[in-house]
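**Student:** So the chains spell out like this:
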Amino acid sequence: MAKMTKDEVIEVAHLARLAITDEEAIHFAEQLEAITNAMELLNELDTENVEPTTHVLPMVNVMREDIAEEGLPRETVLKNVKEHEAGQVKVPTILE
Amino acid sequence: MKFHDKTAAELQELLHSNEATIADLTKQTIERINQLDPKVDAFLAMNEEQAMAKATELDNTPMDQRGPLFGLPIGVKDNIMTEGLVTTASSRILEGFNPIYNATVVEKLRAAGMITVGKLNMDEFAMGSSNENSYYKKTRNPWNLDYVPGGSSGGSTAAVAAGEVPFTLGSDTGGSIRQPAAFCGVVGMKPTYGRVSRFGLIAFASSLDQIGPITRNVKDNALLLQAIAGHDEKDSTSADVEVPDFAAALTGDITGLRIGVPKEYFAEGVSESAKQAVYNALEVLKEKGATVEEISLPHSKYALATYYLLASSEASSNLSRFDGIRYGYRTNKASSLLDFYMNTRAEGFGDEVKRRIMLGTYALSSGYYDAYYKKAQKVRTLIKQDFDKAFEKYDVIVSPTTPTPAFKIGEIIDDPLTMYANDILTIPVNLAGVPAISVPCGFDGDMPLGLQIIGNYFDEETVYRVADVFEKATDFHKKTPQLWEGAAQ
Chain A
1 MAKMTKDEVI EVAHLARLAI TDEEAIHFAE QLEAITNAME LLNELDTENV EPTTHVLPMV
61 NVMREDIAEE GLPRETVLKN VKEHEAGQVK VPTILE
Chain B
1 MKFHDKTAAE LQELLHSNEA TIADLTKQTI ERINQLDPKV DAFLAMNEEQ AMAKATELDN
61 TPMDQRGPLF GLPIGVKDNI MTEGLVTTAS SRILEGFNPI YNATVVEKLR AAGMITVGKL
121 NMDEFAMGSS NENSYYKKTR NPWNLDYVPG GSSGGSTAAV AAGEVPFTLG SDTGGSIRQP
181 AAFCGVVGMK PTYGRVSRFG LIAFASSLDQ IGPITRNVKD NALLLQAIAG HDEKDSTSAD
241 VEVPDFAAAL TGDITGLRIG VPKEYFAEGV SESAKQAVYN ALEVLKEKGA TVEEISLPHS
301 KYALATYYLL ASSEASSNLS RFDGIRYGYR TNKASSLLDF YMNTRAEGFG DEVKRRIMLG
361 TYALSSGYYD AYYKKAQKVR TLIKQDFDKA FEKYDVIVSP TTPTPAFKIG EIIDDPLTMY
421 ANDILTIPVN LAGVPAISVP CGFDGDMPLG LQIIGNYFDE ETVYRVADVF EKATDFHKKT
481 PQLWEGAAQ
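Chains as they are written, first to last, in my numbering: chain A, 1 to 96; chain B, 1 to 489.
Honestly, the hints are just simulated from the structure, not real lab data. Please note that a few of the clues may not be correct.
Computed footprint of chain A on chain B, listed as stretches where at least three residues anywhere in the stretch have a Cβ under 8 Å from a Cβ of chain A [as the list claims (entries may be wrong)]: (1) 294-308; (2) 376-383.
DSBU-like cross-link-like pairs, simulated, lysine-lysine; straight-line CA separation at most 30 Å [claimed, not checked]: (3) B:K301 to B:K374; (4) A:K79 to B:K408; (5) B:K234 to B:K301; (6) A:K3 to B:K275; (7) B:K275 to B:K389; (8) B:K288 to B:K408; (9) B:K234 to A:K82; (10) B:K354 to A:K79; (11) A:K79 to B:K108; (12) A:K6 to B:K389; (13) B:K137 to A:K82.
Note that CB positions come from ideal geometry on N, CA and C, so glycine has one too.
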């Protein structure tokens with residue numbers, strides 16, 4: 001059975017860009033350990049000669065002609081932006 | 001005149017004979033929602049003004065230009081984009097998000113003349129089986145307000161069960177249409193993967209997600225799938241196959257139909273009430289001319305683990321787009337760019353979403369990729385092969401939709417693994433990509449139970465035909481919760 005430590009959870013949270021407190025990491029470590037242990041059931045199966053399935057239907061890449069088309073109007077694109085100025089997305093200052 | 005207990009055909013009769021207008025129907029639907037929803041809490045956003053304006057406009061369309069759903073009201077799950085109508089996927093990270101385009105299914109509803117009356121509550125990003133993971137509210141089961149409606153499309157099924165609206169759309173990644181349909185005693189269909197365009201559906205697990213119809217009867221369900229199905233060049237995973245006439249498939253004849261009943265779906269953890277209701281249903285189908293045989297889908301017990309690895313992996317990738325820059329929630333606590341991303345996401349996502357993002361990130365990280373993600377993709381092949389083999393000999397596979405009826409709000413929310421087990425009988429269907437419906441088939445006390453009918457790829461017709469025969473032979477779909485008549489009108 002794999003053990004999930006607090007530090008591992010903090011590492012994974014960092015990879016996933018999620019801020020996490022020590023207390024939360026301990027809580028999630030317990031739950032994720034239980035979940036990943038349940039997932040180890042799959043190791044019962046010999047899958048050496050089995051092909052992986054990524055999609056259930058036969059899929060082909062769908063391409064369109066490489067022709068420049070007009071994009072959305074700037075006003076529409078900015079509709080859900082929290083802050084914008086002069087048609088640009090505004091973000092908080094992060095450099096002194 | 002009451003509208004809320006009518007089928008699509010009955011409503012059209014009233015409209016075509018000029019006994020009612022589309023405006024009358026829309027107005028009464030909105031009034032009923034306003035009256036009942038403070039109890040049920042199914043709706044997140046209402047579209048009153050636009051719906052009434054649309055109704056008045058549609059009333060001018062000549063009768064001979066109207067299809068079977070023309071002028072009828074519908075509610076849409078909140079992970080489906082509706083232009084100009086706030087769409088949040090029940091997440092704080094999309095609070096107030098106002099889509100700048102419609103999902104393809106919403107365009108199709110418009111083309112069919114349907115009127116969107118509002119958006120429906122769900123588990124955040126469709127992750128959950130109880131609707132308790134919504135950031136905004138907890139939807140209640142109309143059959144007993146202390147119970148969950150199921151999830152993740154719990155708002156969509158509760159609204160139909162309460163008679164607030166006769167049609168809703170849901171989405172189903174591991175059972176999110178069928179499980180709440182069973183819990184709420186309504187009809188819910190997950191079509192074949194690729195049957196319905198996913199363009200404009202907020203992605204959870206792209207290789208599993210599928211939009212589908214929720215209604216109070218099978219015929220209406222077939223009509224709604226007809227309206228939303230079809231190839232879409234905006235979704236490269238939508239299938240370029242012909243869409244048959246689903247309603248025409250309801251012939252009432254299942255003579256010689258071969259039903260397979262997988263013994264693994266009646267194993268430990270499945271309640272006696274759920275099993276017995278399905279055994280009774282099989283007797284009904286036998287009487288109508290079907291043959292029933294026990295079969296084995298030997299890899300069923302691996303489906304849950306396979307699903308949570310694959311769905312969480314896909315989710316961790318899909319949800320990486322929520323960074324607080326161009327839309328959605330934004331933190332006000334950041335001293336660096338990394339801080340900005342990490343705080344935005346920590347404050348914007350709920351616990352279940354975080355759990356799955358972390359599980360997926362873990363399963364995809366180097367060192368674990370082969371052991372978890374790739375392993376799960378291989379087991380998915382074995383699960384799919386179980387179904388392929390079964391459909392060589394059988395026309396449909398029948399089982400309970402859920403192991404148990406609905407549970408109480410708060411009962412298992414702190415136990416993720418027990419919560420996940422709710423979907424143990426619906427998940428294999430998504431992994432294989434085949435279609436399946438849940439129809440009401442009994443009660444455990446006051447709470448409804450669902451019958452799951454699974455079909456072969458792109459054979460929704462047979463699934464609907466069997467469901468319709470069962471519905472016509474039984475009365476379960478006619479029962480209504482107490483609050484149904486409690487409302488005025």
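**Student:** Each of the hints needs a verdict: does it hold here or not?
**Tutor:** Hint by hint, here is what the structure shows:
no.	hint	result
1	294-308	holds (count 7)
2	376-383	holds (count 7)
3	B:K301 to B:K374	18 Å, holds
4	A:K79 to B:K408	40 Å, violated
5	B:K234 to B:K301	36 Å, violated
6	A:K3 to B:K275	37 Å, violated
7	B:K275 to B:K389	24 Å, holds
8	B:K288 to B:K408	37 Å, violated
9	B:K234 to A:K82	28 Å, holds
10	B:K354 to A:K79	27 Å, holds
11	A:K79 to B:K108	24 Å, holds
12	A:K6 to B:K389	44 Å, violated
13	B:K137 to A:K82	24 Å, holds
When held up to the earlier numbered hints, the structure conflicts with 4, 5, 6, 8, 12 and fits the remainder.
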